[in-house]
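Once you've looked at the hints, dock chains B and C against the given chain A.
Same order as they appear, the protein sequences are chains A, B and C.
The opening position of the first sequence corresponds to residue 1 in full-length UniProt numbering, with each subsequent residue numbered one higher.
The opening position of the second sequence corresponds to residue 1 in full-length UniProt numbering, with each subsequent residue numbered one higher.
The opening position of the third sequence corresponds to residue 1 in full-length UniProt numbering, with each subsequent residue numbered one higher.
It is possible that some hints are incorrect.
Identical chains share a label here; the pair holds if one copy fits it or two copies do between them.
In silico lysine to aspartate or glutamate, EDC-like type, Cα no more than 20 angstroms apart, as pairs [stated by the list, open to error]:
no. : residue 1 : residue 2
1   : Lys252    : Asp35
2   : Lys302    : Glu106
3   : Lys104    : Glu70
4   : Lys215    : Glu54
5   : Lys211    : Glu231
6   : Lys252    : Glu278
7   : Lys104    : Asp297
8   : Lys215    : Glu253
9   : Lys302    : Glu278
10  : Lys104    : Glu260
11  : Lys21     : Glu137
12  : Lys53     : Glu140
13  : Lys104    : Glu263
14  : Lys211    : Glu260
15  : Lys21     : Glu140
These aren't lab readings, by the way, just hints derived from the structure by calculation.
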Amino acid sequence: MSQIAVEKTYDTLAMINGDFKGKDIVSFDQFSADDVRRIFALAGHMKQLVLGKEPCQLLAGQLVSLLFFEPSSRTFGSFAAAVKRLGGQTLEIQNPETVSSVNKGETFEDTIRVFEAYSDAIVLRHPRPGAALRAAESAEFVPVLNAGDGNNEHPSQTVLDLYTLYERFGRLDNLTGVMAGDALNSRTIHSLMRGLSLFENNTVYLLSPEKLRLKREDLNMFRSRNITIHEITSERDIPRDCQYWYWTRIQKERFGSLTEYNEMVAQRFTVTPALLAEYASQEMILMDPLPRIGTIDTEVDKDHRAVYLRSQVRNGLYTRMALLALVLGRA
Amino acid sequence: MSQIAVEKTYDTLAMINGDFKGKDIVSFDQFSADDVRRIFALAGHMKQLVLGKEPCQLLAGQLVSLLFFEPSSRTFGSFAAAVKRLGGQTLEIQNPETVSSVNKGETFEDTIRVFEAYSDAIVLRHPRPGAALRAAESAEFVPVLNAGDGNNEHPSQTVLDLYTLYERFGRLDNLTGVMAGDALNSRTIHSLMRGLSLFENNTVYLLSPEKLRLKREDLNMFRSRNITIHEITSERDIPRDCQYWYWTRIQKERFGSLTEYNEMVAQRFTVTPALLAEYASQEMILMDPLPRIGTIDTEVDKDHRAVYLRSQVRNGLYTRMALLALVLGRA
Amino acid sequence: MSQIAVEKTYDTLAMINGDFKGKDIVSFDQFSADDVRRIFALAGHMKQLVLGKEPCQLLAGQLVSLLFFEPSSRTFGSFAAAVKRLGGQTLEIQNPETVSSVNKGETFEDTIRVFEAYSDAIVLRHPRPGAALRAAESAEFVPVLNAGDGNNEHPSQTVLDLYTLYERFGRLDNLTGVMAGDALNSRTIHSLMRGLSLFENNTVYLLSPEKLRLKREDLNMFRSRNITIHEITSERDIPRDCQYWYWTRIQKERFGSLTEYNEMVAQRFTVTPALLAEYASQEMILMDPLPRIGTIDTEVDKDHRAVYLRSQVRNGLYTRMALLALVLGRA
Numbered sequence: 001m002s003q004i005a006v007e008k009t010y011d012t013l014a015m016i017n018g019d020f021k022g023k024d025i026v027s028f029d030q031f032s033a034d035d036v037r038r039i040f041a042l043a044g045h046m047k048q049l050v051l052g053k054e055p056c057q058l059l060a061g062q063l064v065s066l067l068f069f070e071p072s073s074r075t076f077g078s079f080a081a082a083v084k085r086l087g088g089q090t091l092e093i094q095n096p097e098t099v100s101s102v103n104k105g106e107t108f109e110d111t112i113r114v115f116e117a118y119s120d121a122i123v124l125r126h127p128r129p130g131a132a133l134r135a136a137e138s139a140e141f142v143p144v145l146n147a148g149d150g151n152n153e154h155p156s157q158t159v160l161d162l163y164t165l166y167e168r169f170g171r172l173d174n175l176t177g178v179m180a181g182d183a184l185n186s187r188t189i190h191s192l193m194r195g196l197s198l199f200e201n202n203t204v205y206l207l208s209p210e211k212l213r214l215k216r217e218d219l220n221m222f223r224s225r226n227i228t229i230h231e232i233t234s235e236r237d238i239p240r241d242c243q244y245w246y247w248t249r250i251q252k253e254r255f256g257s258l259t260e261y262n263e264m265v266a267q268r269f270t271v272t273p274a275l276l277a278e279y280a281s282q283e284m285i286l287m288d289p290l291p292r293i294g295t296i297d298t299e300v301d302k303d304h305r306a307v308y309l310r311s312q313v314r315n316g317l318y319t320r321m322a323l324l325a326l327v328l329g330r331a
Numbered sequence: 001m002s003q004i005a006v007e008k009t010y011d012t013l014a015m016i017n018g019d020f021k022g023k024d025i026v027s028f029d030q031f032s033a034d035d036v037r038r039i040f041a042l043a044g045h046m047k048q049l050v051l052g053k054e055p056c057q058l059l060a061g062q063l064v065s066l067l068f069f070e071p072s073s074r075t076f077g078s079f080a081a082a083v084k085r086l087g088g089q090t091l092e093i094q095n096p097e098t099v100s101s102v103n104k105g106e107t108f109e110d111t112i113r114v115f116e117a118y119s120d121a122i123v124l125r126h127p128r129p130g131a132a133l134r135a136a137e138s139a140e141f142v143p144v145l146n147a148g149d150g151n152n153e154h155p156s157q158t159v160l161d162l163y164t165l166y167e168r169f170g171r172l173d174n175l176t177g178v179m180a181g182d183a184l185n186s187r188t189i190h191s192l193m194r195g196l197s198l199f200e201n202n203t204v205y206l207l208s209p210e211k212l213r214l215k216r217e218d219l220n221m222f223r224s225r226n227i228t229i230h231e232i233t234s235e236r237d238i239p240r241d242c243q244y245w246y247w248t249r250i251q252k253e254r255f256g257s258l259t260e261y262n263e264m265v266a267q268r269f270t271v272t273p274a275l276l277a278e279y280a281s282q283e284m285i286l287m288d289p290l291p292r293i294g295t296i297d298t299e300v301d302k303d304h305r306a307v308y309l310r311s312q313v314r315n316g317l318y319t320r321m322a323l324l325a326l327v328l329g330r331a
Numbered sequence: 001m002s003q004i005a006v007e008k009t010y011d012t013l014a015m016i017n018g019d020f021k022g023k024d025i026v027s028f029d030q031f032s033a034d035d036v037r038r039i040f041a042l043a044g045h046m047k048q049l050v051l052g053k054e055p056c057q058l059l060a061g062q063l064v065s066l067l068f069f070e071p072s073s074r075t076f077g078s079f080a081a082a083v084k085r086l087g088g089q090t091l092e093i094q095n096p097e098t099v100s101s102v103n104k105g106e107t108f109e110d111t112i113r114v115f116e117a118y119s120d121a122i123v124l125r126h127p128r129p130g131a132a133l134r135a136a137e138s139a140e141f142v143p144v145l146n147a148g149d150g151n152n153e154h155p156s157q158t159v160l161d162l163y164t165l166y167e168r169f170g171r172l173d174n175l176t177g178v179m180a181g182d183a184l185n186s187r188t189i190h191s192l193m194r195g196l197s198l199f200e201n202n203t204v205y206l207l208s209p210e211k212l213r214l215k216r217e218d219l220n221m222f223r224s225r226n227i228t229i230h231e232i233t234s235e236r237d238i239p240r241d242c243q244y245w246y247w248t249r250i251q252k253e254r255f256g257s258l259t260e261y262n263e264m265v266a267q268r269f270t271v272t273p274a275l276l277a278e279y280a281s282q283e284m285i286l287m288d289p290l291p292r293i294g295t296i297d298t299e300v301d302k303d304h305r306a307v308y309l310r311s312q313v314r315n316g317l318y319t320r321m322a323l324l325a326l327v328l329g330r331a
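In isolation and in its complexed conformation, chain A is listed as follows:
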């Protein structure tokens, strides 16, 4: 007996296999290529719905808890907007200090179980890797959506990145791109490669400082998963026919010391109009999961290929609307 709109129907971390209703979304690995296509089809509808400017009541009467144990204004805003654009309502805990019961010593599991009693789904952001899985296991009745758990997973980010490629090129196979930044540690780069590995014949040029190359075991894993990887350490090695550039920042929190971080930052790559002019085709798109910090010169913003502050951000809204509708059984 539960007050929720849709009851959880399965083992946490089970594959979606076409049936999203009532399932936790903890890891991108729960999706098959068909699942991704299903999300994309619905995201396309969501986009039309938002552009059509008609109020939507798909989630009318639905209440979604947004539990953000660390601040993340973009992801928070995107999920909150997704719920509200669909006519649903949110329970918002944005600030870890206001999760008072936690301050009083309550366990994370209890907090999750309290909020599942109030709402139809929980969107969780947490600094600790594995927190989303723990939340999903704690919630008895309502689905949990991982909105980023530390350096572990952020499946809706991967979905929106893939959707941005799909929307532009009409496919997710036979694409060649550059991913630049901290190939060793970057969650977004690793996740996007895992996403692409569901599809055929993708080639990635990994551009990073020598010291931030992918671990050999990760390199082998991705190669075994269908991705052709070329490691490069200079912009001069970017092939001119890439369909996309995916630029990411070097994150301070990944390094043991500030010295080490500063050394890496000194070697980072920044997209400028000149770099685009020399190495990029007219048909490519330039992506960034944001925030861009040292990644892309603002001079580039007006370029028609710069989608990071345009369709990429908006696609986060559309794909999250799709995910919520699917999980809540309202697609």
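For chains B and C alone, kept in the frame of chain A given last:
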């Protein structure tokens, strides 16, 4: 002239006497047994409404300010969900630092009067005992609901505790239970006994360390109010036929020194599967106002008698929905 | 291509000239006298709508971002209530620390562009003068409303002050009033004089300590803009036939040292029942933009002429409802 949905109709702290509309809810003592039954009848409807999963518009167009001058994620979430499940909207001030006018030196009374101008009711959480009464006296037009003012009152907590007993046993008289914890200081224990004192023939076993026994004046007061009290200091004295166990934590803020607190914590009682097996009947329920900190072993969670993270939390939602609908004249 | 309800149609800071739809509201100087009258007419409707207690769906399906980079509970509550009273929804970032991307080093411009992707309008509060203009220039698609940018502008405050005068006297010309406080630095005093300068034949008595008189250039500017100004330094010089008193606090942040501030505070003027009895007519109104700190004795609150916690606060709601409806093309 006011923009509100329902105007305050009476003197603050007056008895409800069957007429909730437009009244402040500052203290549980405003309720008669019939008032409590009225809330319960409506809470039952609210439960059906939520379980029925149909969007509800009972509070459509109503705006409820949630002014939380101290964090309390559970109570905040419960009231916010109650408003939204009824189709209403909230003005949320969750963080005392964002009550900027207060920081600038504005009086509490002025803040209340500003927010009553924006909304149809105010739900107030405040660390200072008596704050709810001051707010109720300051608000000229809209009802104020006390969501906890320090160690003073938290009437909706008492209502949900009583409702949990009522829902399970179909009555609030002729019940025997244990209340464990800090009998001297615990607001929830005192309030629940006051609630039960509205009904006939209730017996409470107060389990606490010797030093945390009820004050003699409180003991006499409760006895004069119809409650049979037995003070016990060991689990061995729990009778096997109790209908409920109500376990509460020992709160650090009630003690002058950490030494004193630690001494009491060392003597506290914790529910374990073994304790339940030995002293509890199969028909009883195990309650906790939460957060549970040292009160109940997580091993107990799956026991069918453990209602603290199940019906007790949910009943908070249903009873607050009922209270809001009654006070706003939409029952 | 945008998902928004109404697209921006013009150059930032352009005059409104009767056409609010899709325009940024950065400065009060964008309004003509006719624009102000248009807002007032609609604010009157909004008041009836709120008093009529019927749910309104004028902004149904509309999502308004409230980006508050500094806390301001009154302005936040007023804008949030305005959106929700019209049936719209909000994206709320109340606490600067939760604008995490900013903490991570994201530029203000990027943050604005991210939130415009999620919503149909942005209401911005920011401590830095000029921030609203920067936001308006950054937002490509949705209108930005300035809810206060430091000591620079707070146009909706000016509108509500003017509306309070208009509602009481049926006109904005031929009014005589006192404005008391820090004439040198006060944003609200300067803005209200600019507002009145759109209309004919207004006279203002500026009551301030000698050291806080208006700058000579500002004095000349206001005189050239149609306002008759008398500078006075004692309550004894208040004429008995003023239609309004507009009292403002002396703000600490305007002074270089605490000594200087304390010296000025020692010379400030406070409204008491005695002062009203001696110098105020029965027909005048007493206004304060709030918070009142040292400006008005609480003894005065019950006086029928004291509108600061009554119609003045409520008029903030009605005029902001009007502004939002106009800018979003739903008037």
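Here is how each hint holds up against the structure:
1. Lys252 x Asp35: Result: close neither inside a copy nor across copies, 34 angstroms intra and 50 angstroms inter.
2. Lys302 x Glu106: Cα proximity of Lys302 and Glu106: across copies only (18 angstroms, versus 49 angstroms in one copy).
3. Lys104 x Glu70: This pair counts as both: shortest intra-copy Cα distance 18 angstroms, inter-copy 12 angstroms.
4. Lys215 x Glu54: Intra 48 angstroms, inter 51 angstroms, cutoff 20 angstroms: neither.
5. Lys211 x Glu231: within (12 angstroms within a copy, 69 angstroms between copies)
6. Lys252 x Glu278: neither (30 angstroms within a copy, 55 angstroms between copies)
7. Lys104 x Asp297: Intra 45 angstroms, inter 17 angstroms, cutoff 20 angstroms: inter-copy only.
8. Lys215 x Glu253: Only inside one copy: Lys215 and Glu253 sit 18 angstroms apart there, 50 angstroms across copies, limit 20 angstroms.
9. Lys302 x Glu278: For Lys302 and Glu278, only the intra-copy Cα distance (17 angstroms) is at most 20 angstroms; the inter-copy one is 64 angstroms.
10. Lys104 x Glu260: Between copies only: 18 angstroms across chains, 37 angstroms inside a chain, cut-off 20 angstroms.
11. Lys21 x Glu137: Answer is within: at 17 angstroms inside a copy they meet the 20 angstroms cutoff, but 42 angstroms across does not.
12. Lys53 x Glu140: For Lys53 and Glu140, the Cα distance is within 20 angstroms only across copies (18 angstroms; inside one copy 36 angstroms).
13. Lys104 x Glu263: between (41 angstroms within a copy, 19 angstroms between copies)
14. Lys211 x Glu260: Within one copy only: 10 angstroms inside, 55 angstroms across.
15. Lys21 x Glu140: within (15 angstroms within a copy, 37 angstroms between copies)
In summary, the structure is inconsistent with hints 1, 4 and 6 from the numbered list given earlier, while agreeing with the others.
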